[in-house]
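Enquirer: Now for the letters of each chain:
There are 2 protein chains.
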Amino acid sequence: MEGKMAERKEKTAGEMGFEILANFIGCSAELLNDMEKIKSILLDVAGKAGFTQVGECFYKFEPQGVTGIVLLAESHLSVHTWPEFGSAAVDIFSCAGKENAERALILLKDAFKPRRVTVHRIER
Amino acid sequence: MEGKMAERKEKTAGEMGFEILANFIGCSAELLNDMEKIKSILLDVAGKAGFTQVGECFYKFEPQGVTGIVLLAESHLSVHTWPEFGSAAVDIFSCAGKENAERALILLKDAFKPRRVTVHRIER
Numbered sequence: 000m001e002g003k004m005a006e007r008k009e010k011t012a013g014e015m016g017f018e019i020l021a022n023f024i025g026c027s028a029e030l031l032n033d034m035e036k037i038k039s040i041l042l043d044v045a046g047k048a049g050f051t052q053v054g055e056c057f058y059k060f061e062p063q064g065v066t067g068i069v070l071l072a073e074s075h076l077s078v079h080t081w082p083e084f085g086s087a088a089v090d091i092f093s094c095a096g097k098e099n100a101e102r103a104l105i106l107l108k109d110a111f112k113p114r115r116v117t118v119h120r121i122e123r
Numbered sequence: 000m001e002g003k004m005a006e007r008k009e010k011t012a013g014e015m016g017f018e019i020l021a022n023f024i025g026c027s028a029e030l031l032n033d034m035e036k037i038k039s040i041l042l043d044v045a046g047k048a049g050f051t052q053v054g055e056c057f058y059k060f061e062p063q064g065v066t067g068i069v070l071l072a073e074s075h076l077s078v079h080t081w082p083e084f085g086s087a088a089v090d091i092f093s094c095a096g097k098e099n100a101e102r103a104l105i106l107l108k109d110a111f112k113p114r115r116v117t118v119h120r121i122e123r
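Protein sequence lines correspond, in order, to chains A and B.
Residue numbering for the first sequence follows numbering that gives the first Met the number 0, starting at 0 and increasing by one per position.
Residue numbering for the second sequence follows numbering that gives the first Met the number 0, starting at 0 and increasing by one per position.
Just so you know, these hints were derived from the structure itself, not from any lab.
There may be inaccurate statements among the hints.
Put simply, identical chains are the same to the list, so a pair is met inside one copy or across any two.
[Said to hold, decoys possible] Under the rule of at most 20 Å between Cα atoms (straight-line distance), these lysine to aspartate or glutamate pairs were calculated in the EDC-like manner:
id, residue 1, residue 2
1, 108, 9
2, 59, 29
3, 8, 29
4, 59, 98
5, 8, 83
6, 38, 55
7, 112, 9
8, 112, 33
9, 36, 14
10, 59, 122
Throw the hints in and build the complete structure from the sequences for me.
Expert: This is how it looks when you write it as structure tokens:
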């Protein structure tokens with residue numbers, strides 16, 4: 000099987016990494032509207048989870064809401080927030096294994112303090 | 000049910016949008032290593048699929064590989080490529096409904112011309 004995959008010389012389903020899609024529900028509206036704070040959280044989490052940052056882009060909506068991404072050598076972290084609903088959608092895409100991604104999820108939960116979280120875990 | 004949700008005033012599972020996670024397999028290695036071309040494709044697809052761009056960030060790996068994202072008013076498009084495997088991981092996150100996201104997937108397939116595609120569709 001391994002040999003066959005090597006011969007094919009392509010990444011296929013399940014070989015491109017691991018992605019966590021988390022919905023954070025019941026967060027502080029103030030935090031969810033604070034772009035600088037959210038940027039700081041994502042950069043901090045990226046480092047602490049063992050990822051290497053290669054770029055970032057954030058945007059603040061009017062009257063409210065923040066969207067942003069940290070590009071990683073190992074793929075990306077993204078967040079989109081709805082302060083009016085206390086909710087945020089967080090994506091953690093890691094082509095460097097599951098452990099870093101799960102650590103990032105724990106750190107992001109610690110920072111955003113959602114009352115409730117729903118998670119999809121996808122083998123890319 | 001609708002009334003109950005309105006009372007809760009929060010977005011919960013299935014209410015934050017729709018996300019397509021696609022693996023493109025068997026693409027041109029040359030295209031997958033061309034950051035400017037990939038940026039141009041993503042920006043073009045974002046517009047043609049009816050999304051509004053609010054930011055972008057791309058990075059070229061050495062010796063090969065491109066990673067990038069277009070931030071949208073409606074969430075994001077991201078791509079991570081492995082030219083050495085002819086493969087790319089594409090995410091299309093739309094909080095503006097499924098139709099735009101599915102249109103973006105068709106347009107991205109037209110541009111990257113993968114020999115094979117695997118897709119996960121997630122209700123966020």
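Enquirer: So, against the hints stated earlier in the document, which numbers end up violated here?
Expert: 4, 9, 10
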